[in-house]
Amino acid sequence: MGYNKEIKELVKERLIRIPSNISFSIGSFGDFTRDELIDEVEKETKIGDAIVDMQLEFIRKMPKIIAEHRRN
Amino acid sequence: MLIVRTDHDINTHYTYEWCNPLIKMAESKGLKVAEIKPKDVNIKNFKAKVEKLKPSFIFFNGHGSKSAFLDNEKNEFLNCKHANFFKNTITFARSCDSLKELGPKTVEEGCKAFIGYKKEFWIPRLHGMETRPLKDPVAAPVLSSSNIIAEELISGKNVKEAIYKSLESSSQKILDLIHSNDPYLSATLPALFSNHSCLGYEGNGSSKL
Chain B
1 MGYNKEIKEL VKERLIRIPS NISFSIGSFG DFTRDELIDE VEKETKIGDA
51 IVDMQLEFIR KMPKIIAEHR RN
Chain G
1 MLIVRTDHDI NTHYTYEWCN PLIKMAESKG LKVAEIKPKD VNIKNFKAKV
51 EKLKPSFIFF NGHGSKSAFL DNEKNEFLNC KHANFFKNTI TFARSCDSLK
101 ELGPKTVEEG CKAFIGYKKE FWIPRLHGME TRPLKDPVAA PVLSSSNIIA
151 EELISGKNVK EAIYKSLESS SQKILDLIHS NDPYLSATLP ALFSNHSCLG
201 YEGNGSSKL
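Line order of the protein sequences matches chains B and G. First residue of the first sequence? That's 1 in this note's numbering, and the numbers climb one at a time after it. First residue of the second sequence? That's 1 in this note's numbering, and the numbers climb one at a time after it.
Simulated from the structure, these hints should not be mistaken for lab results. Among the hints, a few may not be true.
What the hints assert, rightly or not - The calculated lysine to aspartate or glutamate pairs, modelled on EDC-like cross-linking and capped at a C-alpha distance of 20 Å, are:
| hint | chain 1 | residue 1 | chain 2 | residue 2 |
| --- | --- | --- | --- | --- |
| 1 | G | K100 | B | D53 |
| 2 | G | K118 | B | D49 |
| 3 | G | K100 | G | E76 |
| 4 | G | K74 | B | D31 |
Said to hold, decoys possible - Just so you have them, the derived chain G footprint on chain B, three or more residues with Cβ under 8 Å:
| hint | region |
| --- | --- |
| 5 | 17-24 |
| 6 | 54-66 |
Keep in mind the model is a prediction, meaning the values are calculated, not measured. Where a beta carbon is used, it is the ideal one built from N, C-alpha and C, also for glycine.
Let's have the full structure, built from the sequences with the hints guiding it.
And the structure:
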């Protein structure tokens with residue numbers, strides 16, 4: 001898809017805070033270490049774009065999750 | 001209850017192991033639990049079990065696509081052509097994407113409700129815990145939130161209530177993780193959020209086992 005540089009940097013910055021001895025199994029995409037995920041974001045692969053999408057969705061939806069939780 | 005689970009890579013090993021507490025719970029509640037073991041997952045065995053046992057609840061754990069479930073060799077073994085096998089069941093698919101096409105198709109063919117995910121199912125894990133998935137502190141919040149769906153159904157709740165309970169649990173965990181300084185748990189957050197966002201169902205939300 002190709003996100004702008006600032007968004008990619010923001011997502012990479014969030015990923016780099018994750019300890020290096022953690023991996024993610026992402027369905028049939030396979031298993032990824034933190035550094036491999038950063039690489040996928042950098043190369044704008046399908047999985048890299050999925051990670052950027054997810055992080056942006058997280059930022060957008062967070063206020064709603066907090067508000068719903070407070071209501072309950 | 002019919003459990004179908006594969007176990008051929010780290011991801012499926014985690015979901016496989018996280019079914020074990022659910023099997024125990026279902027049996028303790030007097031539910032009859034049948035299983036198709038990883039190497040026996042194929043359409044012939046699936047059809048035979050469904051026709052013989054007429055399960056009210058089918059719980060699939062393994063890789064999937066928008067229109068199919070994959071077997072232990074990662075080959076498609078069941079797709080929209082087989083949607084009628086889910087007639088009169090509540091089905092929960094802990095697999096990627098299956099709510100996009102397979103879920104709606106099963107409901108068209110008489111499945112009471114199909115619970116699943118519209119995107120990839122994420123599992124974060126701590127290196128070195130591969131042989132003890134139930135003890136992995138990074139994966140636990142993600143898989144326990146997903147397990148709640150089956151737990152609630154087994155306890156007599158309807159589909160809508162089961163999903164609500166799971167979402168409520170993951171929302172609470174997301175809020176806890178946001179305020180946590182534990183760097184390991186920061187890895188859990190994106191996975192929990194991603195799965196939370198794409199969980200849903202097709203069919204009748206009032207259905208119960």
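Now for the hints, and whether the structure bears them out:
1. Straight-line distance between C-alpha atoms of K100/G and D53/B comes to about 18 Å, which keeps the hinted pair within the 20 Å bound.
2. Using a Cα cut-off of 20 Å, the hinted pair K118/G and D49/B holds, with the two alpha carbons roughly 16 Å apart.
3. Using a Cα cut-off of 20 Å, the hinted pair K100/G and E76/G holds, with the two alpha carbons roughly 16 Å apart.
4. Straight-line distance between C-alpha atoms of K74/G and D31/B comes to about 15 Å, which keeps the hinted pair within the 20 Å bound.
5. Requiring three or more residues with a Cβ within less than 8 Å of a Cβ of chain G, the coverage given for the region 17-24 of chain B holds, as 7 such residues are present.
6. Counting residues of the region 54-66 of chain B whose C-beta sits closer than 8 Å to any C-beta of chain G gives 8, which meets the bar of three, so the coverage hint holds.
Going through the hint list in order, the structure satisfies each hint without exception.
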